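Sequences are here, hints too, so could you generate the full structure?
2 protein chains.
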Amino acid sequence: MTATTDFPEYTQDARAQAEQELFTLLRIPSVSADPARRADMRRAAEYLQTKLASLGFTARVDDTPGHPVVYAERLQAQGKPTVLIYGHYDVQPEAPLEKWETPPFEPTVRDGRIYARGATDDKGQAYAHVRGAELLLTQGELPVNVKFLLEGEEEVGSPNLEPYIRAHVDELRADTIVISDGSRFAPDVPTVTYGLRGLSYVEVHVTGANRDLHSGSYGGAAPNPINALAQIISSLKDEQGRVTIPGFYDGVDELTPAEREMWAGLPHDDASFAASIGATALPGEAGFSTLERLWARPTLDVNGIWGGYQGEGSKTVIASTAGAKISMRLVPGQDPERITRLIQAYLPTIAPEGAQVVVKDLHGGQPVLIDLDNPYVQAAGRALAAVHGKAPVYTRGGGSIPIVAAFRELLHAPVVLVDFGLNEDAPHSPNESFALSDYHDGVLTSAHLLREISGATS
Amino acid sequence: MTATTDFPEYTQDARAQAEQELFTLLRIPSVSADPARRADMRRAAEYLQTKLASLGFTARVDDTPGHPVVYAERLQAQGKPTVLIYGHYDVQPEAPLEKWETPPFEPTVRDGRIYARGATDDKGQAYAHVRGAELLLTQGELPVNVKFLLEGEEEVGSPNLEPYIRAHVDELRADTIVISDGSRFAPDVPTVTYGLRGLSYVEVHVTGANRDLHSGSYGGAAPNPINALAQIISSLKDEQGRVTIPGFYDGVDELTPAEREMWAGLPHDDASFAASIGATALPGEAGFSTLERLWARPTLDVNGIWGGYQGEGSKTVIASTAGAKISMRLVPGQDPERITRLIQAYLPTIAPEGAQVVVKDLHGGQPVLIDLDNPYVQAAGRALAAVHGKAPVYTRGGGSIPIVAAFRELLHAPVVLVDFGLNEDAPHSPNESFALSDYHDGVLTSAHLLREISGATS
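Residue numbers (full-length UniProt numbering), protein chains in the order written: chain W, 1 to 458; chain L, 1 to 458.
The hints are simulated quantities; they were obtained by calculation from the structure and are not laboratory data.
Remember, it's a predicted structure, so these values are computed and weren't measured experimentally.
Some hints here could point you the wrong way.
[Unchecked claim] Below, a list of computed lysine to aspartate or glutamate pairs in the DMTMM-like style, where the Cα atoms sit at most 20 angstroms apart:
#: 1; chain 1: L; residue 1: Lys360; chain 2: L; residue 2: Glu337
#: 2; chain 1: L; residue 1: Lys360; chain 2: W; residue 2: Glu312
#: 3; chain 1: W; residue 1: Lys360; chain 2: W; residue 2: Asp335
#: 4; chain 1: L; residue 1: Lys360; chain 2: L; residue 2: Glu239
#: 5; chain 1: W; residue 1: Lys99; chain 2: W; residue 2: Asp62
#: 6; chain 1: W; residue 1: Lys360; chain 2: L; residue 2: Glu312
Written out as structure tokens, the structure reads:
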């Protein structure tokens, strides 16, 4: 349910307009990983700058060595806190394209959901804050000072954002940083997220012979890099589902009994969770519940693998090379750079004879844990309660927002993670979507949150 | 060195013409695995038919449910043996195209070698027999009755050739069957091959969740089909390099002490063999020499693998599916259909929880062992000695010619395997090639062989 009583200005017309503006943004194929989409990246940035300028923000598009950053500010609330709203306008690659029911960059509404790449991650959630500010402006001046920082490289590890923040520390200074770039716990469960996992992402290349070989003439004597890669990957976890890289678990923060109890009380059951992804089992580290494994335990997954003949029919070849993309989700107590060094050092030591292994660092991100007692997190709780008519739950997220750690380190401000999306939105998958009701609730939550923050500290 | 004394008609002009005719055939991209190349397949078949007809053969192109068969015969040698020459005009896919120094279907001569897909496998070796017959015809009538059977589906497992042979048994009847579709032992070592490995080739599909998932939101609980596939593959061999599929080695013919001794005497050393393929090791089944592992021991290789994100940069996804092509080389005593059933039954039993496994049979071929004492194998030995000025060695081949078993079974005639190529020709690889000298020696060997067979039994 949606409490619009405080914001009668959010009319059906306003909602329709908010939807059309988001659709326009979703039609721009701003895939940061794809060098061919550079111009689209800039178009998306300029679209956001133009919109924010129209709301009376001082807005600009700043170049970086990669994709541009959109920065905007409206600082008219004398003596009130300053809120920095972070989001990203880049999206994941659309592959595999053939699995999309409607084109990824042609937003389509079905059963009350917007289907498009970036609908929930993060264009829809970020734009909800833009419309939230717009909604407040219909009632007069903003109750707090607001800064928007919208980047274009979140899906490739934000390589240029930290330098950008360093170069603009004074300008970006804020009392709190608000981010909506994840999923709340469940459809009817408003959620404040107080932890995120970190990430170490590498690419592995294995080489055998110096050329592809006939598997008949050489099978039985030639090194096979695909078999070798499979052996390496399979040896990275033991039978308990624990990662075998020496030192991997050193320093991992253990869950507190209070957290385990709080999460055990959440409305979750493995059967329906498994059913929601069409899985017949939920394999993982022994000794931890599913939520504990998702939110507070590190893990390792192969995100992609390739080698040899992938075409039609059968080719009797022993490939010269094979490769894989491997990522590890990290938890508080683990340092991404250290973990990346560990796997880079370890893989060559377990390579079968005849296999040459190179491990390339693609990117990493720090895990995050947020103090539940800070006033801004409390304000988020009240904002969600006002919109949903019930108190939110406090959970962690399994994903990573690497830049959150940089915000904390460089801006020394508490981060508030209030997510409008759902896992069922299928971010990063074909047919990514975002419920229209979640989008509009996001707009209202954003408006309530800024108002609550204003009151919280006045 | 090449003994042309018996065939002064094989002049420089004749050689140049023999090369140009082969180049024309090599320019036709007759990739049997590629549905888009159907018309090219027919063009290649018609080119061979036209050539053989011009030599006075009764030649035709016979349709099959797949690609056509070229059949030609010249039966003017009253009371003389009939020789059936088998070859194939289809070639392996050219992928990976970017690794070719010159276009795969634009034959280019460098350092005395013809570079093109199919140069050695099998257009070059098959066409050497066509020119061998032509060479004999310059001296008068052929000394034996000659039949050519040139198929277009060898590289996809000859699915339609056995039915074709059954339908034409009387027409194809012969005293011996000559095949040149492999590699001799070494550049200066004329070789008669008396054994071939069989093949079982399957495609494995592993499914986890019903859609791609965000590795942050689901990593630690969702089944990962790539990790599962790696685990399945790595468990298919033990630390001794032995295949672990239950029953895999049942009935395998052990090597005789005489064979082990004969092969131990061949000019081979592991170091230079490894160097020839740029490998740092020659991993394989413990307890057997490299040649024994290549010729007389079964093995298993992954020929291709795929799953998840293979593009630029990093995508944090847990794929819904992954797949691999797996082939097993078989030896006398192993039945391909039985081995395929074994792996189809075994893989699902070793799948990690949450992984659904389907194993698809792509194709298979029977292993072959030939009696060294039959007069046609002896004739091949004399023909090679005449051309190379030295006695040949007797080896087995690691590859498979599935149809050889069918010939033996349906035509009840001994098969003679006399190979003109070399492993260094890189069949199935980018930059496949065939030495011009090997091509011309092949033409002369073919002519000598037909003459020797005529004498051998007159």
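Here's how the hints hold up against the structure:
Under the criterion of a C-alpha separation no larger than 20 angstroms, the hint pairing Lys360(L) with Glu337(L) is consistent with the structure, at around 12 angstroms. Between the alpha carbons of Lys360(L) and Glu312(W) the distance comes to roughly 13 angstroms, so the proposed pair stays at or under 20 angstroms and holds. With a C-alpha separation of about 17 angstroms, the suggested pairing of Lys360(W) with Asp335(W) holds against the 20 angstroms cut-off. Restraint check for Lys360(L) and Glu239(L): not satisfied, since their Cα atoms lie roughly 27 angstroms apart, outside the 20 angstroms limit.
A threshold of 20 angstroms between alpha carbons decides the hint, and for Lys99(W) with Asp62(W) the separation of about 35 angstroms lies outside it, so the pair is violated. Only pairs whose Cα atoms come within 20 angstroms are accepted, and Lys360(W) paired with Glu312(L) is accepted, the gap being roughly 13 angstroms.
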